[in-house]
Structures are given as structure tokens and as C-alpha cells.
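J.: This is what each chain is made of:
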Amino acid sequence: MFSVNNNAMAAIDGKKRFSMDKLLTIVCFFMLFVVVIVPIFMIIFNAFFDKNGFSLNLITEQFADKKNLDAMFNTIKIAIFATIFGTIVGVFYAWLLGRSDIPAKGVMRALFNIPYMFPPFLGAMAWELLLNDRSGYLNRFFMDVLKLEKPPLNINSIWGIVFVEVSYYFPFVFMQVVSALERMDPTLEECARIAGAKQSTVIAKITLPLVKPAISAGALLILISSLAHFGVPSILGFRQEIYTLPTRIYAVIYNSGGSFEGIRQGAALSVMLVGVVAIALFIQNRILSAGNYDIIKGKSMRPTLIKLRAAKLPLLFLSIFTLFIIVIVPLGMIILISFVKAYGLPLVPENFSFINYQKVFANKGTIDSIRNSLILSVSAGIISMFLGTLVAYVVQKIKPKGSAVLEITSMLPYSIPGTVLSIGVILAWSGAIFGITLYNTLWIILVAYIARYLSFSMKTSSASLMQVSSSLEEASRACGASHSESLADITLPLIRPAMVSGFFLIFLPAMREVTTSILLYGPYTRTLGVHIYSLRDAGYIPQAAALAVVAIGLIMLLNVIVTQLTKDRKGV
Amino acid sequence: MADYIVLRNVTKKFNTKTLGDIVAVDNFNINVHEGECFSFLGPSGCGKSTTLRMIAGFEDLTEGEIELCGKLVSSSKKKLYVPPEDRGLGMVFQAFAVWPHMNVYENVAFPLRIKKMNKTDIDKKVMEALKHTSLTGLEKTFPGDLSGGQQQRIALARAIVTNPKVMLLDEPLSNLDPKLRESMRFEIKALQKKFNFTIIFVTHDQSEAMAISDRMMVCDMGKIMQIDTPENLYNKPVNRFVHNFLGESTFINVVVKDNKVYPKGNTNQAIKIAIPSDASNEMVVATRPNEIEISKNDTDGYKTHIESRTFLTDRIEYLVSVGNQLVKVQTPHRIKFDKNEECYIKFVSPMWYPADDEKEAMERAKRQVI
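As you go down the protein sequences, you meet chains A and B in turn.
Going from the first sequence to the numbering used here is simple: count from 1 and add 240.
Going from the second sequence to the numbering used here is simple: count from 1 and add 1156.
Be careful, since some hints might not be right.
Unchecked claim - With a Cα cut of at most 25 Å, we get these calculated BS3-like pairs of lysine-lysine: (1) B/1459 - B/1413; (2) B/1272 - A/445; (3) B/1234 - A/438; (4) B/1227 - A/438; (5) B/1275 - A/445; (6) A/438 - B/1281; (7) A/552 - B/1235; (8) A/552 - B/1173; (9) B/1321 - A/438.
Everything labelled a hint here was simulated from the structure, so no lab data went into it.
Same shape as in the complex, but just chain A (with noise of 0.2 Å):
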């Protein structure tokens, strides 16, 4: 439908339009190129071809390294398990919030999402001082009251990376199938009761089916982020030397001193770890092919509320304290150390201080990991906003040949973990291609955080696009405007709340950004998060604490400045 008003466009334009979406269309093209394609084929090339030509050498030497299959098999199981687990936590949450008369639904609510905000890495720190196996503070305590010989819990596990992972990944789910419910016809459930069901027949047969899609969609993305997550099971690992690929990508070029070798070990590791991504992408494809049904249906009737009866209180004691534990606990145990004269000292009022405030300010890198930030989230989110409503503007209204390869091409690097991203980007920026060395300032960053979140803003202006009706434009060129005109005067403002919920969307998850920074930061070029982590690797854990309250102070306050400038916008 879109491609008939398309050429009908093109005939009233004639030549003239032709020429500027050619226009636009080849920047569309060049742009990915250069940000997208370039450094995955650096990654392929490296892996595969060595100065005598192609050669499986270096695939084949890590496939026999023992530390490295450890890696793809603890990658792959905690992968596994955080998706079942977060999926299980997810779907009972969202039923819960959204079906049943619990109380206190809105706090609940707002507090179920904050660890969608939360960087997973702070967690993971503030659980090892929690619970590690030496001096972990709770695990002192169970100690002390129990009596017992060894610490009870051990976080530095491959169970204690599934179990932080869980706590920061089942909002995906949750969220996807709280709004699953929600637009929900509540008539459908109602008539399974008309037709005599129980109310738990009713969820078996009729909710949870029609919600699977949604499931489905949320457990994907859990086990696409876990199988790429470098921040927990970094903090978690290292110390017990579990890896994962990330952890051990990282691990490789690190202790390789940044050498090429060392990178192109792991352009090789990548390569498995791409690898096992692909087989979990085709797995869960295979296993949860639901069908996309329409259950929005209907007129708005509120749906109502299964009456929990005797089960509220025990069910409202338990969501308490799953928020008590995801929440309280590791944002209180990062403020508490942040007070703490030296790391070790028990949590009591005398020990605390703002020394490490102080100390962490004074340090210069401080200010320049805060500026650097700043400066690389919103640069990038400005880049990535315009390069992505192009991509999306030349895919959806001016469908070149070729325009399927393009939306692949923005869409590739959401798929591709972000360490793998890193190498790539550094590969193709060190000067092996374009004779351009970008190593060690903040633009290999910037190039590597474009790449990265493309996808984000592409997504979000693509579905406002499509809401965009051609008829629209084209009664602004029925009025005399040009096509140009009409692009500036129609088009880009009915989209604009999109763009700038892009922007948003990519902002905020740079501001706290690791994986891919760990890898390409220099001196000079420290990110917040990189900062963070170094300052804990280095052993000032209250230090890196008091700058983790601080950045997620700045995340709050940045979000909740978003929510009130982006509230009551006209738009599509």
C-alpha cells in the first residue's frame, strides 16, 4: 500500500525527489557502512585471516584452551538460568500487579522498575560486600548468630551471578507482560468464567496463553543481555576465576596489555561468543514461535480484580520483601559503605564519615569520568537520534532496493554483545583501515556508543513513522509545499516526541555505561562507569561506593527530568 503512494509521490515530484532521497539514502547507506559493518567484518577478518590468508588456527587454539570452553559453558548456563528464573519472577510479578487486588500497586510498581534503572554492576558490588565468602557483612552475621564454621552463602558463584543477573533482568518480562494485561480485553477471561472455569483454570488456559507472546518477548531479551553481560560476572568472577566469554574477552586482552595479539585472541573468542548468541537467538525462535494474536480489542472496561482473598497478606509480605532484597538492599548496603571510613569496619554510626566523598572529589579523574560521560551520552544520543530516524525515515517512506538490508544493518548491533562491538571498533579505528587512529581518545567511544544504541532510537522513530499517514504529507503538497517542505513542516514534528524519547532511551543507558568503555577507554578517557569499576579493582571500595551513589543519584534525577519533559507531548 505504501509502495503505490510512494510512486504516486514520486510522479507529482518528478525528478526533484527523486534526487534527494537518493540523497538521503546513500548517507543512510555510507553511515552504517562505516559504523556498523566495518568493525564486524574487522572481527571476521581478524579471526579468520592471518598474514599467509584465510586459517581456522586461531578459532581451532581457542576452542582447545580449556579456560576458554569453561567460559562458553558457564556463559551459557547462567544465561539459561537467569531466563528461567527472571522469566518466573517476571511473569508472577506482572500477574500480580496487574490482575489481582494486592495493595499498594502503584509503589509496587514504580519500585519494580527501579532496577530496570539501576546499573546491574553496582548491584553485583554491593552484593559481594554483602555476601562473599571471606568477609562478606551478612555473611558475618549469619556466622556470628548461627554459629557457624563456614559463610552460609557464597556470591562469587556461578549461582550468585544468576542470582544478581535475575534481580536486574525480570523487569524485562515484567514489564513487557504487565502491559500484555493491560491491554488485555478483560472480556476475554470473563467469558471462560461465563463458561463455567475456575479462576485458576481461567490463567492456565486463557490468560497465560494469550500473554505468551509477550513472555516470550521479555525472556528474549533477558538471555540476549545475559549471554552478553560483562558487569556482574566481572565483579562476581573474577575473583574465583569463573569466566564468561565477555569476562574472558576482557580478561584475554587485558592481561595481554592491549596488544594486537591480544585483541585478535579476542576477535577469535568473539567470534564463539556471536556464535553462541546466533544458536540461542535460533533455539528460543524454535521453542517460542507464538503466534501474535490481537487481544487489544474491544472497548476499555477496567478489568476486574481476582480477589486474593486469604492469600493477600502472605502474597503482599512476600512482594515487600522481594523489593526489600532487589531493591533496599543493595541501594542501602552502596550508601551505608559509602560512609564507612575503611572497607572492613563494622556499619556502625562511629565509623562513618564523608572522607570518601571528599577523597573521590578530590580526585581529578572524578570530574573528568563525570564530564566524559556527559559528554559521550549526550553526543551520542544526539547522533544517534538524527542517524536513526534516517535509517528509519529511508526505510519506512522511501523503501530503496536494498532497504531490508538496511534495517538489518541498524538492527545487528542490539544482537551483538558489546564487548564483541568494543573489539570490533577497535580493530577497524586503530588504523588498520581508513589509516585513522582514534585509540585512546573519546571518539573511538563515541563511534563504538553509536553503533550500540542506533538500534534504540531507529526502533522507537520507525513505529512513529509508520503511525505517520502518507495522506498526511500529501495534503501538505496538495496545500503547495514541497516535498522538502513537507518533511520539515509535517513530518518531523508529528515525529519529534519519538526522537526525543530516542534520544532518552540512549542517554540514560550511556550515562552508566561499562562493557563496551572498559575496553576503549584510555588515560584520559575514563567513563563514569569505567571510573566506578577501577576505583573497586583497585581496592577503594568506599570510594567507588560513594561515586556509585552519586551516579545513580544523577541517573534519578536525569530520569525523573525526563519523565516530566517528555509527559503531555503532541505527536504520533
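Using the hints provided, position chain B relative to the given structure of chain A.
T.: The following block gives chain B in isolation, referenced to the frame of chain A:
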């Protein structure tokens, strides 16, 4: 005829954050007879859907009790509440509510499978229900591939498959196009004849309600206005709201002075109609636009002129001025007037209602919010 569905003093209050307590259903007393087709008619927010949902068991009662087939199912005093699945009802929803993840057969078989009926019986009953709803041959199809009319037939088949004694229809036709709506109306009546159930039919479409019901209830703003047969409701509406809601109406605000009736705001010429004994100073005179006689020379009528003329397919509609007000007059095509032409009008059987209440208008606006 026994009373089959009985509502006694049923009241439902909702607590809203912005507007405080809203009485959605205010002291409803309804008796529906066995085998009857009974409609709830009214504008949105009048309480008709809430009442239906209380009968179905989706909402509890703030006050009162409900009896189905001689059995008490809801009672606020006895804290009795039979869950919807145990009320043995059939129900069809406006949005069809057919389950998109089940095919036609599975949708219709669902109520029987819940009852743990054996396979051959299920098969027999499902096939019969599909036959009566003209869905035979579509068993394996998924609802997403079917038209709106077919989806609504699935919903009907699913509702009749258990042979319920009471069928609740919640605006079942309003998502269908007009032609289909009419034929579905006949199908529903035919099914009722065949399966012999009592129907409660909720709608906001007066012509649909008139055509399908034996009796109907007109309600507004949570109050019952009138319960009667369609004919009586049309001919003897108890108040201005019912008059306006059923069929076409035209109203004139009048003042009564010295035993004469004048249009409000203009006392130059009196309208010659009989004044009821209980009339107060300010009243509203209501009439149907086709119950006004219009002529060129009957000087006994109210002298006025034609303001505008609209050609409708089966009649002509004139607006004539009465004082400062405009009155709708509908005539057959053969009676022709030109714009601004002088004429005389006579009211054949006018009805008298109290003058407009401003408070009521505000209450109505408030209800539109919820």
C-alpha cells in the same frame, strides 16, 4: 409466566478518586419473566452494563439481592456471592471475546471441556451449536482469519452450547455493520425459539432494542426511568428523557400565563393546546416531529414561517420558528413549503413535562467522565 430473573433494591456504588462516590446503579427493581427478551436501554454511563455484570457475577452488590431461576445468587445482606462460573449462564460480549489462541471448535467446546464431559458428547453438542450458527465447516479455523460476523457467531455458539436457561447479551451487535446487525437480530430470536432461553439484552441503540424486546427498561444516570413494552414506552413516555431517547422528538419551552400557553421568551402569540391541570408556570411541551400538522391556510394553528427545509429520503424535515425557538416538523414529500413561506402549525398529541433542570445537566456531564 414466572419471574425468572429478579433484582431487588440493587444498588452499586463505585468509589472514584476524582469524583468521590458515584452511584452507578440506584435501587433497581426488575422482574424478568421466563422466555422473555428483556432489554436494558440507555446512554453510556446509565448503569445498564454494570447491572448486567452484577447479574453475571462480575461485580458484587453494594446493596440488594439478585435471584436467578428461583435461586438467590447475590445478596449484600447475606454476604452471598455465587461466582460467575457457577451461575450457569450464557453470555455474549460486544468485543466478541473469542479466544484467539483456540480454533473455532476449541472455542465452542471449552465450556463442555470444563464440565469434563466425554468426547463423543462434546463432539455432538459442538457440532449442533455450530450448525445452528452456520459455522459448520469452519471448525479448524482460527478466529483471527474470520470476519466480525463469524466471530460473533462463534461467541453465540459458545454461549448456547451448554444450553443455558439465561442468556446475557452485552451490546452483541454494535461491532457489526448495519446490514449484518439486522440479520443477526433475527438469528438471535431464532436461537431463542429453538433453545428456549430467557434473554437480557443490553444496548444503547433504541431501534435495535425496540425490534428485539418483549419488554425493556430505559435507564439514565443510574436510575430506572421506565419499564414497559416498546410500544407503551414510545407512546406513553413518563418523562422528557424517555421521550427524547425513543424515536424522534422536538421540544418547546413554554410559559403558562392566564390559562394560555406561550413559547418561552415571546408572548406575542399563544399556542392553542389543552393545559393539564397540574401544569406549573414553566413547562416543556414535547411532540414527535411527524405529529405536527402544518398547513398554508388553517388559521386556527400557530402562525409562523419556514426557517429551513431538509430533504430526507422518506420525508421532508422543516424547521419552523415558534417564538425564538425552532421546532422540527416532518411531513411526507407531497406536502411542500418553500423557505420563508408563511404557515400554520398544530400539535396533535403534545405531552407535558417539567422544565429543564440545570442540576441534572451538570450531573450528566460529570458522569460522562467515568
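J.: Of the hints stated earlier, which fail here?
T.: Hints that this structure does not satisfy do not exist here, as all of them hold.
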